[in-house]
Amino acid sequence: MKDSLVIILFFLAGIGAGIMFDMPDSLEMEKTIDIALYALLLVVGINLGADPGFLEIIRSIRPRIFFIPLATILGTLLGVTVYHILFDYLPFNKSVAVGMGFGYYSLSSVILNQLDGEKLGLIALMANISREVLTLLFAPLFARFTGKLAPVVAGGATSMDTTLPVIIEASGKRFLIHAMIHGVVLSILVPVLVTLAYQLL
Amino acid sequence: MVLVLASFVTGIVAGFLLRRIQWIERISGRLTMVAVVALLFFLGFGVGTNEEIRSHLDILGLHGFLIAVFSLAGSLLTGWIIWKIYYNRYER
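Chains A and B are the protein sequences, given in the same order. For what it's worth, my numbering labels the leading residue of the first sequence as 290, then goes sequentially. For what it's worth, my numbering labels the leading residue of the second sequence as 1316, then goes sequentially.
Straight-line C-alpha distance at most 16 Å; calculated EDC-like pairs for lysine to aspartate or glutamate:
| # | chain 1 | residue 1 | chain 2 | residue 2 |
| --- | --- | --- | --- | --- |
| 1 | A | Lys462 | A | Asp450 |
| 2 | A | Lys408 | B | Asp1373 |
| 3 | A | Lys320 | A | Asp405 |
| 4 | A | Lys408 | B | Glu1366 |
| 5 | A | Lys408 | B | Glu1367 |
| 6 | A | Lys291 | A | Asp450 |
Not everything, but these chain A residues come out facing chain B in the computed CB check (under 8 Å):
| # | residue |
| --- | --- |
| 7 | Phe300 |
| 8 | Ala302 |
| 9 | Phe356 |
To be clear, the hints were calculated from the coordinates, so they are not data collected in a lab. Don't be surprised by glycine CBs; every beta carbon is placed ideally from N, CA and C.
Please put together the full structure from these sequences, using the hints given.
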C-alpha cells in the first residue's frame, strides 16, 4: 500500500515536471527509458526467480489449478472484447493489451508507454489501478454472488500480494494457495501477454 | 518486444540460479521499486509535456476505468463457471 502511494506520487510529480519543463532531447530520453525498462524487467524476473516460495509454488502445482489463471485470461479477453464492440474507442489489439495487465499497473503501463506511447501507457495505468482498487473494495461482494474464486480472478496478478488480504478475508484461508499461484502465473504472463496482444492481434 | 521478453526470462533464470544468495531477493525488490518509480515518473513526464493528452485526461481515464470494469465482469463470469463445474463439486 505504501509502495503504491509512492508510485502514484512519482507519476504525479512527473506530470508536474512535464508541465513546468520542456521535453529534454527526446531521443536521449527514449534511450534512457528503454534501458530502464529492460533493467526493470530483469530485476522483476530476478525477484520472482529468487523468491523462496517460487520453487515450492511451482512444485505444488497440480494441473487443475491452472484453470483459475486460464479463466482470468479468457474472462478478461471476453470482457475487453465486449468493451471493444460497445465503445470502439481503441484498436482491438490495444484494448486487449491494456486488459492483459491484470492489475499489474506499473509493469503494463511502462511496457505500453514504450511500445505505443504515453496515451496507451496512461490508459493502462488507469485501467489496472482501477482493477486493483475495485477488487480491494468489492471482494466480499464478488465472493458472495459469483463464488469463492471470484475475488482471486478479480485480483488478477495482484492476487499474490496487494489484494491477497482481502481475498483471504472474503473467500477464506483455504484459497491462499490458489491466490498465490494465480498471482505468480499471471505476473509471469503479464509482460508476455501484453506484448503479444499488442503485436499480434 | 523480443528484448522485453528476453530481459524478463533472463531475470527469472538468473534469480532462480542465484536464489541461495540471501540478499538477491531483497536487493532485486529494492531495484524493482527504483526502476518502477523512475519509469512512472517518465510516463508522467510524457503526459505532462503532451498538450493533447493533458486535454483528454478525463476521456482517457474513463476508458481505462471502463476496460477495468469489463475485464472484471468477464473474469467474474469465467471464474464463476469454473467454480460451479469444477471446484464446487470436488472440494466440498
